[in-house]
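So the protein lines, in turn, are chains A and B. Note that our numbering has the first sequence beginning at 1, numbered continuously upward. Note that our numbering has the second sequence beginning at 207, numbered continuously upward.
These are computed hints drawn from the structure, not numbers from a lab. Quantities reported herein were computed from a predicted structural model and do not represent experimental measurements. All C-beta atoms in this analysis are idealised placements derived from N, C-alpha and C, irrespective of residue type, glycine included. A couple of the hints might just be wrong.
Claimed, not checked - Here's a subset of chain A near chain B, in silico, CB distances under 7 angstroms, partners left out:
#, residue
1, ILE52
2, VAL79
3, ASN183
Spelled out from the first residue to the last, the chains are:
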Amino acid sequence: MHCLKKYCFVISVLLSCVVLLGWADSWEGIQKESAKIKSVKAQFIQSKHMKILARPLISKGRFYFQSPDSVRWEYVSPVKSVLLMNGDGIRRYTQGSRGLTEDKTGSLQSMQVVLKEIGQWSNGQFTTNEHFTAVLKKGKEPMIIMTPREKGLSAMISRIVITLSSDRPGILKSVKIFENEGNYTLFEFNDVQVNEKIAESLFRDA
Amino acid sequence: MEMIPPLRYGFALLMMAVFLFSCSRLPVIKPAEPSAAAALIEQCGRTYPSVPYRFVHAIEVILPGGSSGTMIGVTLVDPKAAVVRSAMMTLEGFVLFDGAYDKDVHVERAVPPFDKPHFAKNMLGDVRLMYLAPEGRPINAGTLKDGAVICRYIGTQYPVMDVIVHQDGSWEVDGYSESEEAKRRIKAGSVKNGIPETVELKAYEAWDYTLQMRLISADPVVQETAPVSPERQPDE
Chain A
1 MHCLKKYCFV ISVLLSCVVL LGWADSWEGI QKESAKIKSV KAQFIQSKHM
51 KILARPLISK GRFYFQSPDS VRWEYVSPVK SVLLMNGDGI RRYTQGSRGL
101 TEDKTGSLQS MQVVLKEIGQ WSNGQFTTNE HFTAVLKKGK EPMIIMTPRE
151 KGLSAMISRI VITLSSDRPG ILKSVKIFEN EGNYTLFEFN DVQVNEKIAE
201 SLFRDA
Chain B
207 MEMIPPLRYG FALLMMAVFL FSCSRLPVIK PAEPSAAAAL IEQCGRTYPS
257 VPYRFVHAIE VILPGGSSGT MIGVTLVDPK AAVVRSAMMT LEGFVLFDGA
307 YDKDVHVERA VPPFDKPHFA KNMLGDVRLM YLAPEGRPIN AGTLKDGAVI
357 CRYIGTQYPV MDVIVHQDGS WEVDGYSESE EAKRRIKAGS VKNGIPETVE
407 LKAYEAWDYT LQMRLISADP VVQETAPVSP ERQPDE
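So that you can see chain A by itself, here it is in the shape it has in the complex:
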């Protein structure tokens, strides 16, 4: 369970970054752009790289965010799964042998941590985060490199690299989470739509 709590930090980074990163040459710029974003719709491709895999394991899905704290994180392949987060709490449904069933294993309790983390990231508060140090790399493709502050967390996640879109303020290009040598997950976002209306039911119904 402890690991899942730590993993929530990763998820929170992923979710919040899609939502809130603004085009920036400075932390102040990121915070300024963050405030402008009220909703996000995007598709994502997740590529899992491991030594044990000959080729990356590809997952695809969709992501929805509505300020202040509603999220729908949906996988369409290879396993259908929906994570719903709103004012009522957090739920996860996965397609299994008994249809679309709610995850009752208890891991969702840990996912509550995500909510708190998102609140922090959503304000563009990278530099004051208690779990990661953040370095902003300026350039053609600006990047934020995050390194765990705690030894326990760094044993599971060595670093996170967030690449910002070079031409769309508030949009990120990818998030890469490194776990250990040869083991990382790349999330690439496309068809990103910002501040468009999203039906409330998407955050309520699986």
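Chain B: place on chain A using the hints.
Then chain B, alone, in the frame of chain A:
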């Protein structure tokens, strides 16, 4: 009404007999002619990969009470070397466990609560049971009442192991304790080109669990690619 002593003892004996019968679930084998037994044992052996293979599964773990969760499992099998390597990750790609069995258990990565020694041993044991032919010697081969082929082994992993091949190509592997109590039941279904699309594993322990596995990909391992090193990422 109070039972008189002889009836009470009789009832106790009856219950004990029922209990023993319920625990003793070894299926009855109609033995094959000695000349045909070798062919049946060979048929049982064909349920396992004969060359190194890589499998990716969606794994639904069902716990007592019906609660469930889903993960992705990656397994490398080298049947000749009797080596398996297996990794388990969340749908988001976070690796919870990565370990191998090569005459002994080796853990490369395990995050709590998957870092308990018995977890690695049990998980890799289940993987071996699914993908590696029994290491013990066959003691019987024949057919079941429904015509399925069955091979029984004195195993090393379990004292008694049955491999059952049904006429539709689906197969089962069952592991029993010394008292012939079922400890594992594996059922593989929708077999195409020797690869099952679905596998169900039921474990009968102090804490029972069920794994429902759906195949995502299966590829023979022809040549391993070089390990992907974080040090050589171009975008960093």
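Comparing the hints with the structure gives:
The interface hint given for A:ILE52 holds, since its Cβ lies 5 angstroms from the closest Cβ of chain B, which is under the 7 angstroms cut-off. Evaluation of the A:VAL79 hint against chain B yields a held restraint, the C-beta minimum of about 5 angstroms falling below 7 angstroms. This hint holds: A:ASN183 has a C-beta 6 angstroms from the nearest C-beta of chain B, less than the 7 angstroms allowed.
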